[in-house]
Amino acid sequence: MNYDISIITPFYNVDREVFRKCCESMFQQTIGFKRIEWIVVVHNSKEEYLQSVHELLDGYDNVKIHVLNDGKRTPSAPRNYGLERAAADYVGFLDADDRFTPQCMQKALFHMKKNQADITWFRREYELESYKNRPVTEIVLWDQTREEIIIDRDNWDEEKMFSGVWGLVTSRIYSKSLLDRCGIWFDDEVPFAEDYLFNIECYGHAEKICYLPQMIGYHYFINSGSLVQNSSKDARTLIAFAKGYKKIFDAGNKYGFYMNAVILGLCSVLASFMIASDSLTLEDRQTIKEILAPYLENIEPLRVSKLYSEKDVRDRYEFPRAVILKPENYVGDAGDDTLIAVDAKSAQALSPYQTVLRNILYRNQNTDIGKRYGFTKILSLTGFRSSVPRSDYDNYEPLVKLQTNIGESGIITSDPIKSYLFTLGKVSNPKLFPCTDIQLEPLKKLYIDNCIGKRTFLMLESMPQKNRFNDNTYVNTAHGSILSEIFADQSLSLYKKNSLFTAPPEILFPTELTDLTYIRLLFALADRNVDQMIAPSTWEAWCTLRFLEKNWKNLCADIASGKPAHYSQVVSDEFRATIEKHLSPDPDRAAELTGIFEQGFAAPIVPKIWKKMTRLIAFGGGCFTVYSDSIKRYLGDIAHENGCYMDLAALVGTETRMKGLYALDPRNAFVEFVPADAGSDDEAVFARDVEVGKRYSLLISTYSGLYRYRLDDVVLIEYFKNGIPFFSYDHDPSQTVRLNGAVLTEKAIWEAVKELQKGTDLIVCDFAYMLNDTEDGLVILLETDHDDKSDIDKEQIAAFVDTRLQKDEAYRKAIADGGIQPVRVEFMEQESQLFYRDVLMYRLNFPPDFIKPVRYIDNPVKERFFKSRIIYQEV
Amino acid sequence: MSMLSVTKNQEGTKLTINPIGRIDTYTAPQFDDEVSSLLDGITELVIDFSQVEYISSAGLRLIVTWHKAMAAKDGKFSVCHIADTIYNIFSATGLVDFINII
Numbered sequence: 001m002n003y004d005i006s007i008i009t010p011f012y013n014v015d016r017e018v019f020r021k022c023c024e025s026m027f028q029q030t031i032g033f034k035r036i037e038w039i040v041v042v043h044n045s046k047e048e049y050l051q052s053v054h055e056l057l058d059g060y061d062n063v064k065i066h067v068l069n070d071g072k073r074t075p076s077a078p079r080n081y082g083l084e085r086a087a088a089d090y091v092g093f094l095d096a097d098d099r100f101t102p103q104c105m106q107k108a109l110f111h112m113k114k115n116q117a118d119i120t121w122f123r124r125e126y127e128l129e130s131y132k133n134r135p136v137t138e139i140v141l142w143d144q145t146r147e148e149i150i151i152d153r154d155n156w157d158e159e160k161m162f163s164g165v166w167g168l169v170t171s172r173i174y175s176k177s178l179l180d181r182c183g184i185w186f187d188d189e190v191p192f193a194e195d196y197l198f199n200i201e202c203y204g205h206a207e208k209i210c211y212l213p214q215m216i217g218y219h220y221f222i223n224s225g226s227l228v229q230n231s232s233k234d235a236r237t238l239i240a241f242a243k244g245y246k247k248i249f250d251a252g253n254k255y256g257f258y259m260n261a262v263i264l265g266l267c268s269v270l271a272s273f274m275i276a277s278d279s280l281t282l283e284d285r286q287t288i289k290e291i292l293a294p295y296l297e298n299i300e301p302l303r304v305s306k307l308y309s310e311k312d313v314r315d316r317y318e319f320p321r322a323v324i325l326k327p328e329n330y331v332g333d334a335g336d337d338t339l340i341a342v343d344a345k346s347a348q349a350l351s352p353y354q355t356v357l358r359n360i361l362y363r364n365q366n367t368d369i370g371k372r373y374g375f376t377k378i379l380s381l382t383g384f385r386s387s388v389p390r391s392d393y394d395n396y397e398p399l400v401k402l403q404t405n406i407g408e409s410g411i412i413t414s415d416p417i418k419s420y421l422f423t424l425g426k427v428s429n430p431k432l433f434p435c436t437d438i439q440l441e442p443l444k445k446l447y448i449d450n451c452i453g454k455r456t457f458l459m460l461e462s463m464p465q466k467n468r469f470n471d472n473t474y475v476n477t478a479h480g481s482i483l484s485e486i487f488a489d490q491s492l493s494l495y496k497k498n499s500l501f502t503a504p505p506e507i508l509f510p511t512e513l514t515d516l517t518y519i520r521l522l523f524a525l526a527d528r529n530v531d532q533m534i535a536p537s538t539w540e541a542w543c544t545l546r547f548l549e550k551n552w553k554n555l556c557a558d559i560a561s562g563k564p565a566h567y568s569q570v571v572s573d574e575f576r577a578t579i580e581k582h583l584s585p586d587p588d589r590a591a592e593l594t595g596i597f598e599q600g601f602a603a604p605i606v607p608k609i610w611k612k613m614t615r616l617i618a619f620g621g622g623c624f625t626v627y628s629d630s631i632k633r634y635l636g637d638i639a640h641e642n643g644c645y646m647d648l649a650a651l652v653g654t655e656t657r658m659k660g661l662y663a664l665d666p667r668n669a670f671v672e673f674v675p676a677d678a679g680s681d682d683e684a685v686f687a688r689d690v691e692v693g694k695r696y697s698l699l700i701s702t703y704s705g706l707y708r709y710r711l712d713d714v715v716l717i718e719y720f721k722n723g724i725p726f727f728s729y730d731h732d733p734s735q736t737v738r739l740n741g742a743v744l745t746e747k748a749i750w751e752a753v754k755e756l757q758k759g760t761d762l763i764v765c766d767f768a769y770m771l772n773d774t775e776d777g778l779v780i781l782l783e784t785d786h787d788d789k790s791d792i793d794k795e796q797i798a799a800f801v802d803t804r805l806q807k808d809e810a811y812r813k814a815i816a817d818g819g820i821q822p823v824r825v826e827f828m829e830q831e832s833q834l835f836y837r838d839v840l841m842y843r844l845n846f847p848p849d850f851i852k853p854v855r856y857i858d859n860p861v862k863e864r865f866f867k868s869r870i871i872y873q874e875v
Numbered sequence: 876m877s878m879l880s881v882t883k884n885q886e887g888t889k890l891t892i893n894p895i896g897r898i899d900t901y902t903a904p905q906f907d908d909e910v911s912s913l914l915d916g917i918t919e920l921v922i923d924f925s926q927v928e929y930i931s932s933a934g935l936r937l938i939v940t941w942h943k944a945m946a947a948k949d950g951k952f953s954v955c956h957i958a959d960t961i962y963n964i965f966s967a968t969g970l971v972d973f974i975n976i977i
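So the sequences go chain by chain: C and Z.
Here our numbering is used: position 617 in the first sequence is 617, and no number is missing along the way.
Numbers given in our numbering equal positions in the second sequence, counted from 1, plus 875.
Looking at chain C on its own, in the form it has when it is part of the complex (with noise of 0.2 angstroms):
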């Protein structure tokens, strides 16, 4: 039979749906499927891959299927392997993932046949497997009102023949009797961009290409492990590909082609494989540079065009001149500020903190983020900061909503988001932090490390998943979502993880948003093996031992019954049966636990109630620091560990064994340091360049997105070793008062409260702080202990207070100088901050995580409402 066209087809491992459609794209040419002989070379491919396109194929004479097995990766062989046996005038190629369009043979044919050509050129369409990977652009500098362009040996326009995206075989038609006749094959020795190779053979011996800027013919599908989209290579595979390159712009420069775009352009591509590369040495590279030295050393770089911008034009020059042409950057001391991979075998590589933000960029470098700042063109920490600005929620708020509400994806991070974190923000508006697996993976693994082996009281639960947004997520807390993961390990055994705690997964995972401390201590009342709890905070820990202190009663008649008949909550039947279901009668525990809290609480009762208890870990720094103290009284000897300092479920640092010290941890954050003092355009420092005993806000870069994003708290940098800076947690700036002249922080407002309790018998669980009536004089408000302040002289405790105030200078001057007015003391009653939080609870419709409690009451509405708390003495 006399065919029309050979289409060969190189087939590998194709999914047997994604090959139908190739098949139906056959089927429906307008030219007459039968007029085209089909040749399909399943190559290396698995049994079960035969037998579809068998069963998808048998039966069509037109179809050619041949079976090579060689072991090569490429598609040179499985294409000469068609080559050798085409039978038609014609040839193109089609991938077994790909599509042409229906009229794509017959008018490619006409146009041909009609010119005479012997080669016809259309466009690809392209779709997407995933958005995590994005294509190089496949537009062209030919003019596109045109439907026929040819192109012969007097009208030869290199510049648009050769830019761009312009050597693949899958856009083009062949005359069989050119390719015959001078011996053009597919170069197997050319790993890759062998099109390219192959094309460049024809072009040199083509008479009359015809090209057809209109026409759209191929439709082509990205996968995620596509050859080309994979970036993960080793160094004899980058050798192979310079080796490959060598070929062709050794062959277009034998033609005296144009191929400063293509020298570049492919160049660009290995240097960015050889910046991912963890394996390559510095002779690998050596080795690469002496095979593209010749060809990048004297090269012009391209000019401005539709292709290229200016920066697209500086950065194909540098980029893979510097990677390339400079393997010297790789010997001895790698230095603290590059990004690029060493020498794998040299002791000096790069640092956990230069590792974290190349990894973040090189995962993120096909988002629109990582696009638009060039994260692939990123070398050095300094380049990171030069290149990428700091950023605000108001930077991220318009993109988040598009991934909440359009389900949009690949913005700022190429993972997919697990969760959005939930934080309440300045004026309670609330903020959405995307949250991804592998961000919450050292944090997951931190949780897991202090579990494992352990009964752990954990005071916290996930929150419900119930409102979903567009692209499939939830909000969590980050406690949270680190939990869903933990019982998402495939590692753990179902025993495993639900022996860590002491609250049954339905407790851990509710389905609905109640409060639910009640519930966690009779869990954890009952059981006698506890030896550790965690709590978010040490509020939590707090607040959950004093409802323990109130409750005790009824929460041992309950562990009696087996029965949670003093749950107060309203919550489903469901969930009322999910409790009862975990609960089993304990009088034994019940009346031991009864003797125990029989006795009071004015000793420590944590450790008699479960005498295996080691330790609490709860961040208790900062604004819970009041807390921390609390807590003291029902802890006694027990230790308590801050554990990990984070935020937005950035793991900025791990607590040393120095109570409230953290060391630097860049295993999910790179970390920036902004001196506190600093204006508004002040550079970063990073983490060597700090010093010791000055104050720094954090800016942190992460995995799930976050790039340059200020934290709003300071912290001290304490010491300095072996490059790592250890810092503790100093204050957050937004409850600084700032009186004429003097800067009272949180800290220092506290710091001199705290002194009052040494020799006296007042015992003080919370505060707050605002400014008097006529602003020049701080009024502290406390909540005690006891109600009846019948017996406390509030002036005497003020003026303590303001002595202590005094240790900083400027306050001290301020008072001297009557700039401000002595400190003034009121006290609250008690719960006034829980009370405070169970009505914003409400309102807001938030668990208590998200809650912190108040210090500076700064705006009306919160002087109002604490203002009414405050408990007057009749006179």
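It cannot be assumed that every hint is accurate.
[To be verified] The calculated lysine-lysine pairs, modelled on DSS-like cross-linking and capped at a C-alpha distance of 27 angstroms, are:
hint : chain 1 : residue 1 : chain 2 : residue 2
1    : C       : Lys21     : Z       : Lys889
2    : C       : Lys431    : Z       : Lys943
3    : Z       : Lys943    : C       : Lys466
4    : C       : Lys21     : C       : Lys34
5    : C       : Lys113    : C       : Lys208
6    : C       : Lys563    : Z       : Lys948
7    : Z       : Lys943    : C       : Lys862
8    : C       : Lys445    : C       : Lys107
9    : Z       : Lys943    : C       : Lys867
10   : C       : Lys862    : Z       : Lys948
11   : Z       : Lys948    : C       : Lys466
12   : Z       : Lys948    : Z       : Lys889
13   : C       : Lys34     : C       : Lys176
14   : C       : Lys581    : Z       : Lys943
15   : Z       : Lys948    : C       : Lys581
16   : C       : Lys794    : C       : Lys807
17   : Z       : Lys951    : C       : Lys852
18   : C       : Lys326    : C       : Lys371
19   : C       : Lys326    : C       : Lys243
20   : Z       : Lys951    : C       : Lys466
21   : C       : Lys454    : C       : Lys401
22   : C       : Lys553    : Z       : Lys883
23   : Z       : Lys883    : C       : Lys550
24   : C       : Lys431    : Z       : Lys889
25   : Z       : Lys943    : C       : Lys563
26   : C       : Lys34     : C       : Lys64
27   : C       : Lys208    : C       : Lys107
28   : C       : Lys454    : C       : Lys326
29   : C       : Lys754    : C       : Lys867
30   : C       : Lys659    : C       : Lys632
These are computed hints drawn from the structure, not numbers from a lab.
Since the model is a prediction, treat every value here as computed from it, not as a measurement.
Using the hints provided, position chain Z relative to the given structure of chain C.
Here is chain Z on its own, set in the frame of chain C:
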């Protein structure tokens, strides 16, 4: 020591609670116990403040809790006969925005 006594009046599914005395940190747990245990089957809860001398933050937390509890089961919750001083507290703390005051 603070004292609180509580009387109750139920008409069908409507329960009216009359606390007498002070609702503060010491009496709030007892008050909570007495009221919460009666809420099964109640569709309307009214707290009558006519004999309440004083209510502290601890007591106000109970008001929020019961309001939530009744709202969760589509019931009604209200307070009545509150003195001006207590109304001012409700106003200053924002409770007037969501607690029904008869």
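We went through each hint and held it up to the structure:
1. C:Lys21 with Z:Lys889: violated, 67 angstroms
2. C:Lys431 with Z:Lys943: holds, 25 angstroms
3. Z:Lys943 with C:Lys466: holds, 19 angstroms
4. C:Lys21 with C:Lys34: holds, 18 angstroms
5. C:Lys113 with C:Lys208: holds, 11 angstroms
6. C:Lys563 with Z:Lys948: Status holds; Cα separation ~21 angstroms.
7. Z:Lys943 with C:Lys862: holds, 22 angstroms
8. C:Lys445 with C:Lys107: At roughly 59 angstroms apart (the allowed maximum being 27 angstroms), lysine 107 of chain C and lysine 445 of chain C break the hint.
9. Z:Lys943 with C:Lys867: holds, 25 angstroms
10. C:Lys862 with Z:Lys948: Roughly 30 angstroms between the alpha carbons, so the hint for lysine 862 of chain C and lysine 948 of chain Z is violated.
11. Z:Lys948 with C:Lys466: holds, 18 angstroms
12. Z:Lys948 with Z:Lys889: holds, 14 angstroms
13. C:Lys34 with C:Lys176: holds, 19 angstroms
14. C:Lys581 with Z:Lys943: Answer holds: lysine 581 of chain C to lysine 943 of chain Z is near 25 angstroms, not above 27 angstroms.
15. Z:Lys948 with C:Lys581: holds, 23 angstroms
16. C:Lys794 with C:Lys807: At roughly 21 angstroms apart (the allowed maximum being 27 angstroms), lysine 807 of chain C and lysine 794 of chain C satisfy the hint.
17. Z:Lys951 with C:Lys852: Violated, at about 30 angstroms.
18. C:Lys326 with C:Lys371: holds, 24 angstroms
19. C:Lys326 with C:Lys243: With Cα atoms ~18 angstroms apart, lysine 326 of chain C and lysine 243 of chain C stay inside 27 angstroms; holds.
20. Z:Lys951 with C:Lys466: Given pair lysine 951 of chain Z, lysine 466 of chain C holds - Cα atoms ~25 angstroms apart, limit 27 angstroms.
21. C:Lys454 with C:Lys401: violated, 41 angstroms
22. C:Lys553 with Z:Lys883: Measuring from Cα to Cα gives roughly 23 angstroms; hence the hint holds.
23. Z:Lys883 with C:Lys550: holds, 24 angstroms
24. C:Lys431 with Z:Lys889: The hint is violated at about 41 angstroms.
25. Z:Lys943 with C:Lys563: This hinted pair holds, its Cα atoms lying about 23 angstroms apart.
26. C:Lys34 with C:Lys64: holds, 12 angstroms
27. C:Lys208 with C:Lys107: Holds, because 17 angstroms separates the two Cα atoms, which is no more than 27 angstroms.
28. C:Lys454 with C:Lys326: Given pair lysine 454 of chain C, lysine 326 of chain C is violated - Cα atoms ~53 angstroms apart, limit 27 angstroms.
29. C:Lys754 with C:Lys867: holds, 22 angstroms
30. C:Lys659 with C:Lys632: holds, 14 angstroms
Checked against the numbered hints given earlier, the structure breaks hints 1, 8, 10, 17, 21, 24, 28 and satisfies all the rest.
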